[in-house]
Amino acid sequence: MIKDIWSVFIDRKEFFADLLFEHLEISLISILIAILFGGLVGIFISEFQKTAKPTLGVINFLYTIPSISMLGFLIPFSGVGNATAIIALTVYALLPMVRNTNTGIANVDPAILEAAKGMGSTKIQILFKIKLPLAMPVIMSGIRNMVTMTIALAGIASFIGAGGLGVAIYRGITTNNAAMTMVGSLLIALLALVMDFVLGFIEKRMNKRSVKAKKANRIMAAISVVLCLGIAGGIFINTQQKDTLHIATKPMTEQYVLGEMLDILIEQDTDLNVELTQGVGGGTSNIQPAMESGEFDLYPEYTGTGWNMVLKHDGLYTEDLFRELESGYRDSYNMQWIGMYGFNNTYGLAVRREIAEQYNLKTYSDLKSAASSLTFGAEYDFFERDDGYDALCDTYGFKFGKTIDMDIGLKYQAINQGKIDVMVIFTTDGQLSASDVVVLEDDKQFYPSYICGNVIRAEVLEKYPELKTVFEKLDGLITNSDMAEINYSVETENKEPRDVAEDFLRSHSLLQ
Amino acid sequence: MKTAIEFKDIKKSYDDKVVMEKFNLSVSKGEFVTIIGSSGCGKTTALKMVNGLIQPTSGDIFVNGENFRNKNQTQLRRNIGYAIQGSVLFPHMTVEQNISYVPNLLNKRDKEKTKNAVLKWMKIVGLSEDLKHRYPSELSGGQQQRVGIARALAASPDILLMDEPFGAVDEITRGQLQIELKRIHKQTGITILFVTHDISEALKLGTKVLVMDKGKIEQYATPSELLQNPATEFVKELVKKERRTCYLPEEQLFTCKFSGTVGERNSHDTK
Ligand SMILES: Nc1ncnc2c1ncn2[C@@H]1O[C@H](COP(=O)(O)OP(=O)(O)OP(=O)(O)O)[C@@H](O)[C@H]1O
Ligand SMILES: [Mg+2]
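From first to last, the protein sequence lines are chains S and U. Counting along the first sequence from 1, when you hit position 321 you're at 321 in the numbering used here, and nothing is skipped either side. One gets the numbering used here by counting positions in the second sequence from 1 and adding 1000 to each.
In short, the hints are calculated from the structure, not lab data. Just to be clear, a hint being listed does not mean it is correct.
[Said to hold, decoys possible] Calculated cross-link-like contacts (lysine to any residue; reagent style SDA-like; alpha-carbon spacing at most 20 Å):
1. K208/S to D1130/U
2. K208/S to L1053/U
3. K215/S to R1134/U
4. K214/S to P1091/U
5. K129/S to H1092/U
6. K1204/U to K1240/U
7. K1048/U to H1197/U
8. K214/S to K1111/U
9. K1048/U to D109/S
10. K1236/U to E1251/U
11. K212/S to I1054/U
12. K402/S to S433/S
13. K215/S to K1123/U
14. K214/S to Y1135/U
15. K214/S to D1130/U
16. K1208/U to S1026/U
17. K123/S to K1111/U
18. K1048/U to S1013/U
19. K1186/U to L1053/U
20. K123/S to H1092/U
21. K204/S to R1134/U
22. K123/S to Q1219/U
23. K208/S to L1131/U
24. K1132/U to V211/S
25. K1071/U to E114/S
26. K214/S to L1131/U
[Claimed, not checked] Here are a few chain U residues that face chain S, going by a calculated C-beta distance under 7 Å:
27. V1019
28. I1054
29. N1070
30. T1074
31. R1078
32. Y1082
33. I1199
From the three backbone atoms N, C-alpha and C, an ideal C-beta is built for every residue, glycine too.
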């Protein structure tokens, strides 16, 4: 395991270095804003103690909102991406900052304040010469807590399409790459430790009170402020490119690969620059609003999902409804379906090959005669769901001899070992390509259809008509078994989505 | 003579508790007023009214003829030196920074002048120069008090308020400081209000002594007047011992039958 982690890290040094830098950037911006804004609020409520309780109450309340919901609330206002992440991180960082500033100032000995006042200091002078310096140790310890917390919390920012090391963690989880998840987590921990060490050093320096040390402190402070601003500023410079196509993908292995394909082909065939936001947490429910607000220009989607989740129809989607789906998207959102890849990622039934041959099974209906002597396996919840086992049996009028509950991760093993004969699968499961099974045809359309295509904003397509030729190349390019193989390469063989995408395009002579 | 500080019909109460009433006092410019009275009688309260840290419930305070209420209090305070009861130094500042606190509020530019002033005042209050970069926590109680005094004097104020400034210094240093303060007073003509618990210090330093009890003035007079004509029983009790202390030259000391040397001589006689 340690070897895996190390080799992943070495192989993808630059990838991780970029993420690390981005992580630092997002955290630092949030930290700086929180220090400034939180400090001001802390000072304000310490001067006007009547406002302290309600203010702290509100901030305390914000602090208790789970981070995932906080990000969810923010998306409608600030969209997906770094801005939302920074806002959320800043909100969480405010509490320790405001509370410690207030406590630090409120705890300054009133006799000292009276002395300063009696000597003719103005309020401002008392604040800067007396209160803040005396409150500094308490404020500093607040900052220290807040910094480690922010760096750790920034790991979830990738959930809403922001950058940082969370990207590696999330990608590792969705593409079954534990080593990548570990590297991401370890780097976050390391970053937090380093920052804490740096702050500890600063704290120590601040306690040194000799004249010489103070001079050195001032120089070091100036340098670090410039550095921080430089790092934080990077984010704004980065995002100022023109004619960039913003592509999002959902957190699924196949979407990571599709994203890379789009990136490669569009940059190769047009002058457009692609900015790819991979694995946006929450998938459609977060990407669709961002498409509506124009933050994203296109993303790969499945017809059935679009029908139920975006157009909010209740019924079962079949491809007969595609025209209605298209016009629904055009009329309600001014978006368009284009570049239909060809594969259908839906539920399916897979049968061990020898069984399929023995009973000559091709469609679900064929199972009718054989079912009573076969063993059926599925996840626990399949037997409970309304559209699960019972509904399936009713539609096709069969009943299996035996049923077994099993974990998703184990069911391919079980069918390969002959413990089960029939099981529920996703039609693009990576494991399918490595298992000796036959996927049967859903001839009565029990499951909705989830054909994969791209949803693009119509404006964007009008503005860059050259994109059409790219999408033409994608039409019908990928079959179910192609996609299963692609998933297998990434999830089981631990290949990089980018490499897999390139290989696939090359083998179809789409690379120049 | 011009009036430096005037209390006019001052009343001060906390909630229902009256701590000061019908307080009228006028202090001439250049006066060295020592204030004495039992603990909790309102000495600190009176002092803090002069620099506006405590507002009277009713009545007016005039400083250099102007009503304190109507003035920019911050500006006014900078001309009033304030040596606080228990010294209260700024713990995050060095001795030098503490002493130069008020000069720095006044003029930020002339650093050289401030530096020299600090050294001058440190010398006057008897602090050796190498304490300059120490922090208050690194000083003895007496040293802290002297820093507090130097800080009050550093901006050369017109009025100096001192609340038991010599409480924590030893007898010998106290004697030196008393002499220094007396000298400063003579040289600069500064008006001083000086709170003390020690009647002999009050009589020795003051050009006028203010005796207070329970928020009221018992007597405001010169030390000799106080000794000769104590106005009330309270004052009489207070100065009783002092009236019987002899300040005769050394060689005549034993001729006074109230002097401490008497016992010695008597025992000599019996031999
Ligand atoms: N903030 C306050 N609230 C209520 N009562 C107060 C307050 N400050 C002072 N007092 C009361 O006012 C009276 C006068 O207090 P003051 O501090 O002037 O006494 P003092 O003469 O300086 O005593 P000491 O010699 O002990 O310093 C005291 O009875 C004290 O309890
Ligand atoms: Mg007092």
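Which hint numbers doesn't this structure obey?
-> 2, 10, 11, 12, 13, 17, 19, 22, 27, 28, 29 and 33
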